[in-house]
Amino acid sequence: MKICTYLLAIFLSLGALFFAYNLEVMASDNFNDVNYDIPLTEIDPIGQTGGGIDGGVGALRQILENVADILLFTIPILAGIALLVAGYFYIFSGGQSDMVGKAKIIIKWNLIALLVAFFSYGIITIIASFF
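Counting the sequence shown from 1 gives a position; this note's numbering is that position plus 352.
What the hints contain is simulated information worked out from the structure, not anything from laboratory work.
We put the beta carbon where it would ideally sit given N, CA and C, even for glycine.
Take these hints with a grain of salt, some might be off.
Mimicking DSS-like on lysine-lysine, the simulated pairs with C-alpha atoms at most 30 Å apart in a straight line are [stated by the list, open to error]:
1) K456 with K354
2) K354 with K454
3) K354 with K460
Using C-beta positions, here's what the derived DEER-type ranges look like [claimed, not checked]:
4) A411 with D450: 21 to 27 Å
5) I478 with N384: 45 to 51 Å
6) I390 with N418: 39 to 45 Å
7) Y388 with P428: 43 to 49 Å
8) G410 with K354: 53 to 59 Å
9) I429 with K460: 37 to 43 Å
10) V452 with I479: 34 to 40 Å
11) Y473 with V386: 46 to 52 Å
12) G439 with P391: 24 to 30 Å
13) G474 with M451: 32 to 38 Å
14) Q448 with D421: 15 to 21 Å
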């Protein structure tokens, strides 16, 4: 159970990094400049420009697509690491049934995670089509 907790913490941390990576910021502006001015006439309300993300629905669709991309990227990597751990438990079990049982459980959940990763993009695309 601790392994699942650690893997979940790593997964959520990586997810936060990917979401932060996709945010648009005004990194080229110098906010410390005394003459810095925010042109209020150029600020568009959400969904009024017709381009980019169209308000809350477009943002939700983009978030769902980002989640699918994260799942497609991270879960196979974590599943490969978990498969190595399961192989280690299985090879070095020395006939102990509890270690063999742990290895089989890890392999079972590993396969479930891979199925979720590979079907996540399709599932999220279907969900996003309703919005």
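Right, here's what the structure says about each hint:
1. K456 with K354: holds (17 Å)
2. K354 with K454: holds (13 Å)
3. K354 with K460: holds (17 Å)
4. A411 with D450: 21 to 27 Å: Violated, since A411 and D450 (Cβ atoms, about 48 Å apart) do not stay within the stated range.
5. I478 with N384: 45 to 51 Å: holds (47 Å)
6. I390 with N418: 39 to 45 Å: 28 Å Cβ-Cβ, so the 39 to 45 Å window is violated.
7. Y388 with P428: 43 to 49 Å: holds (45 Å)
8. G410 with K354: 53 to 59 Å: Since G410 and K354 have Cβ atoms about 39 Å apart, the given range 53 to 59 Å is violated.
9. I429 with K460: 37 to 43 Å: Given about 19 Å between the Cβ atoms, the range is violated.
10. V452 with I479: 34 to 40 Å: Roughly 39 Å apart at Cβ, these two residues keep to the hinted range, so it holds.
11. Y473 with V386: 46 to 52 Å: holds (48 Å)
12. G439 with P391: 24 to 30 Å: Hint violated: Cβ distance 60 Å, outside 24 to 30 Å.
13. G474 with M451: 32 to 38 Å: holds (36 Å)
14. Q448 with D421: 15 to 21 Å: violated (40 Å)
Of the numbered hints stated above, those contradicted by the structure are hints 4, 6, 8, 9, 12 and 14, listed in ascending order.
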